[in-house]
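Colleague: Chain by chain, the residues:
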Amino acid sequence: MSEPRQARTGAVLFGSFDAERRWRPEGLASLPQLADPGADRLVACMDEALFAAAEPGDLLITREPVAPALVAAREAAGYTCEHHHTGEPHPGPDADADVEHRLLANAGLLCRIGGSARLHPYAVLPATGVLADLTGHAADVPGGEQVARVNGKAWSSLLAARHGLPGAGRVVRSAAELADAVRSYVEPGHPVVLVKDSYGVAGRGTFEVTSERRLTRLVAHLRRQEDRGLAVEFVIQPRYDRVADFSSHLRINPDGSWLLLGIQHLANSGYRHEMSGPVPQALVGDLRRPAHPEAMELVARSLAEEGYHGPVCVDSMVLRDGTWIPVLEVNARMSMGGLNLRLDDRAREHGLRSHLWQEDVTIPDGFDVDHLLKLLHEEGLLYEGGTGAGVLLLVGGALVAPRGRLICAALCPPDEFPRLRAATRAVAASAGIVLARAA
Amino acid sequence: MSNATEITETETRVRNVLAEVLEGRIPVEEITVDADMVQDLGLDSLQAIQFLLRVEDEFDVELDYESLSLDHLRSVRFFTTEVLRRSAREQ
Chain F
0 MSEPRQARTG AVLFGSFDAE RRWRPEGLAS LPQLADPGAD RLVACMDEAL
50 FAAAEPGDLL ITREPVAPAL VAAREAAGYT CEHHHTGEPH PGPDADADVE
100 HRLLANAGLL CRIGGSARLH PYAVLPATGV LADLTGHAAD VPGGEQVARV
150 NGKAWSSLLA ARHGLPGAGR VVRSAAELAD AVRSYVEPGH PVVLVKDSYG
200 VAGRGTFEVT SERRLTRLVA HLRRQEDRGL AVEFVIQPRY DRVADFSSHL
250 RINPDGSWLL LGIQHLANSG YRHEMSGPVP QALVGDLRRP AHPEAMELVA
300 RSLAEEGYHG PVCVDSMVLR DGTWIPVLEV NARMSMGGLN LRLDDRAREH
350 GLRSHLWQED VTIPDGFDVD HLLKLLHEEG LLYEGGTGAG VLLLVGGALV
400 APRGRLICAA LCPPDEFPRL RAATRAVAAS AGIVLARAA
Chain B
0 MSNATEITET ETRVRNVLAE VLEGRIPVEE ITVDADMVQD LGLDSLQAIQ
50 FLLRVEDEFD VELDYESLSL DHLRSVRFFT TEVLRRSARE Q
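Read top to bottom, the protein sequences are chains F and B.
Residues in the first sequence are numbered consecutively from 0, following numbering that gives the first Met the number 0.
Residues in the second sequence are numbered consecutively from 0, following numbering that gives the first Met the number 0.
Possibly wrong hints are sitting among the right ones.
[As the list claims (entries may be wrong)] A few chain B residues facing chain F, derived, Cβ under 7 Å: (1) Gly23; (2) Ser66; (3) Ser68; (4) Ser74.
[As the list claims (entries may be wrong)] Stretch-level coverage of chain B by chain F, calculated; a stretch enters the list once three of its residues show a Cβ under 8 Å from a Cβ in chain F: (5) 30–39; (6) 52–59.
Simulated from the structure, these hints should not be mistaken for laboratory data.
Here the structure is a predicted model, which is why all the values come from computation and not from measurement.
Heads up, the beta-carbon is just placed ideally off N, CA and C, and yes, glycines get one too.
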């Protein structure tokens, strides 16, 4: 931690993927939801995928160990960053602690971080700021309060509304206001209206209002929370008739300058990310009122004015009538699309493109990720670097019984992606993995 | 109508709602009353909420979400007897 700055080399990558939950202020009312500890456990090991954003010489620190066979497979594919983890899973008071808090309790790793050139956290959480201060990297991360604010859907909706962007969500701050806003969309002919938690993510935190009865139930649910002193903050939007979703990935520098890193086609299952891949060229070039660069300039400038710097993902939607919604939400953090963009940058050097996909699966007892990798290798499906198409398994820790998630990237020409995904699914099935929602 | 028949009809309606939420991925005739909705049928937390909302519409009941968890969806039969019938009795 006391090393001089010029002696430091490489970046350190780490971070919790359930950032929105930690940014969400206490005392906010919530939509009807069911506890799902299994999903939380899966999200806790998603940080394994951060290797995709690491360069040789960088250091990846994951919350838990990564299967040695998976590390070896990545190295064979050319992903050779150094890797540490914060400890074996064990019962105890810190068993549920996130990677940021585990790092704060690990003097050796803190020292190692202090010797690195810069921090690349997945997202800046309150504990990330403490960690940055302790390791001499305070300048690498923006203030936690600003980061939490700009990641709220209320912030991006108000930004879009203030600048007259099409499709801006309406922010409501009481159950009564919510009811009025939903009805105001139903009357002009939107049969389904979405109520979004300002800090909801991955499908948790979106409620579809399809009938007056359902609206009445929701309002009663929220009024009970208002009576207990909780504050209401939701974003209301009609469910639009979409033809395509895409995400734009920016980097904002500490001096406020910014650059567009790339654009990713986005496919969702329900309201949850399912696939990121190359975007058709015509999709973004034809966008008007505003043009794509104008919309991104507005978002980037506004984020910089708030004091944010770092990675950004802006989700947008193209509608059937040819118009588009430039700012569905702003994620001021890394993202699955952003990680795929990094994989894509390297794949393009070999004439390939990267397609990242994830799907829920059921895992048999005794499943071993080494076995899956061995089967993929035997079938010639593993990506092993260079120009040969293949698949990278991004997260091994998510493949645990009984419920898991298969998260992969197919590096191949775009027209080969369906075949590679189908072949990977077939191999996964032969290893006992049952796909929960095969497309 | 006997009690047993009534339960079967209710379970059938629950299975139909479930098949609808699963968007045809699993045909209704393959959804057994003992199948674990989460583990065997792959219902996630978002779909679980959709399922409960549609059950409310189908049976004209109000469920107490704050007292429910994914554990209550362990099977069609368990959900029907322990959650749905109890809610209907209380209203």
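Colleague: Run every hint past the structure and note whether it holds.
Modeller: Consistency of the hints with the structure:
| no. | hint | in the structure |
| --- | --- | --- |
| 1 | Gly23 | violated (11 Å) |
| 2 | Ser66 | violated (11 Å) |
| 3 | Ser68 | holds (5 Å) |
| 4 | Ser74 | violated (15 Å) |
| 5 | 30–39 | holds (count 3) |
| 6 | 52–59 | holds (count 3) |
Of the hints listed earlier, those the structure fails to meet are numbers 1, 2 and 4, in rising order.
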